[in-house]
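Q: Here is what each chain is made of, one letter per residue.
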Amino acid sequence: QTVVTQEPSFSVSPGGTVTLTCGLSSGSVSTSYYPSWYQQTPGQAPRTLIYNTNTRSSGVPDRFSGSILGNKAALTITGAQANDESDYYCVVYMDWGISLFGGGTKLTVL
Amino acid sequence: QLQLQESGPGLVKPSETLSLTCTVSGGSISTSDYYWGWIRQPPGKGLEFIGKIYYSGSTYYNPSLKSRLTISVDTSRNQFSLRLSSVTAADTAVYYCARQVRTGTSKYYFDYWGQGTLVTVSS
Numbered sequence: 001q002t003v004v005t006q007e008p009s010f011s012v013s014p015g016g017t018v019t020l021t022c023g024l025s026s027g028s029v030s031t032s033y034y035p036s037w038y039q040q041t042p043g044q045a046p047r048t049l050i051y052n053t054n055t056r057s058s059g060v061p062d063r064f065s066g067s068i069l070g071n072k073a074a075l076t077i078t079g080a081q082a083n084d085e086s087d088y089y090c091v092v093y094m095d096w097g098i099s100l101f102g103g104g105t106k107l108t109v110l
Numbered sequence: 001q002l003q004l005q006e007s008g009p010g011l012v013k014p015s016e017t018l019s020l021t022c023t024v025s026g027g028s029i030s031t032s033d034y035y036w037g038w039i040r041q042p043p044g045k046g047l048e049f050i051g052k053i054y055y056s057g058s059t060y061y062n063p064s065l066k067s068r069l070t071i072s073v074d075t076s077r078n079q080f081s082l083r084l085s086s087v088t089a090a091d092t093a094v095y096y097c098a099r100q101v102r103t104g105t106s107k108y109y110f111d112y113w114g115q116g117t118l119v120t121v122s123s
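Listed in order, the protein sequences are those of chains A and B.
Under this note's numbering, the first sequence has 1 at position 1, and the numbering climbs by one with no breaks.
Under this note's numbering, the second sequence has 37 at position 37, and the numbering climbs by one with no breaks.
Watch out, some of these pointers could steer you wrong.
With a cut-off of at most 25 angstroms between alpha-carbon atoms, the simulated PhoX-like pairs for lysine-lysine come out as follows [unchecked claim]:
1) B:K66 - B:K45
2) B:K66 - B:K13
3) B:K66 - B:K107
4) A:K72 - B:K107
5) B:K45 - B:K13
6) A:K106 - A:K72
7) B:K45 - A:K106
8) B:K66 - A:K72
Since the hints were derived computationally from the structure, they do not count as laboratory data.
Hey, can you work out the whole structure from these sequences and the hints?
A: Given below as structure tokens:
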């Protein structure tokens, strides 16, 4: 059974840069998996940040960027702000029609 | 502006069937460009894909839930629904409905989400 892996937690200083990653328990994440990223704050529905590996959703600041780094999808936040403190989820699309969510990364800005 | 709204009982007894409906407004569910999906989140835990449906009725289910799951669509009411049978406390979660893009070069992401509804499984 394929599992999507993410760092459980990460910490970044205000104004700093952080890269969160999204891997597969078996194999590599490539653009063919159409990786997407979502931000969620407590009590709220997820918000779409990045889709198709590196396309920002409407209204998402350009300090958020997506890429493939090695064998993983990556979400980079440049110039982190206090309100970026959230849970971040990646999703990969499997060719049998199922979307797999990663376990999420809890980002702390301090 | 597209909106999705989940509705259904907030409390379900163990072994019974959980039923939720997602009502889509501001756009038609009968479009070839999208799937309509369900995602859930147990309290304090991560998001889990449940399944999705195309307006024609084609479905894709999470294998771990497939034996208990039915997703259906009612195009006349612009709604789609979830039924999960034989529920246990492990099915307690916030249930979200969402739209997934299915066409174009950028696809297979969820672009609109409902606000979510908490379903508790308890006697």
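Q: Would you mind marking each hint as holding or not holding in the structure?
A: Taking the hints in turn, this is what the structure says about them:
1. B:K66 - B:K45: 21 angstroms, holds
2. B:K66 - B:K13: 20 angstroms, holds
3. B:K66 - B:K107: Holds, at about 24 angstroms.
4. A:K72 - B:K107: 19 angstroms, holds
5. B:K45 - B:K13: Judged against 25 angstroms, a Cα distance of about 22 angstroms means the pair holds.
6. A:K106 - A:K72: Distance ~18 angstroms between K106 (chain A) and K72 (chain A) Cα, so the pair holds.
7. B:K45 - A:K106: 11 angstroms, holds
8. B:K66 - A:K72: 29 angstroms, violated
When held up to the earlier numbered hints, the structure conflicts with hint 8 and nothing else.
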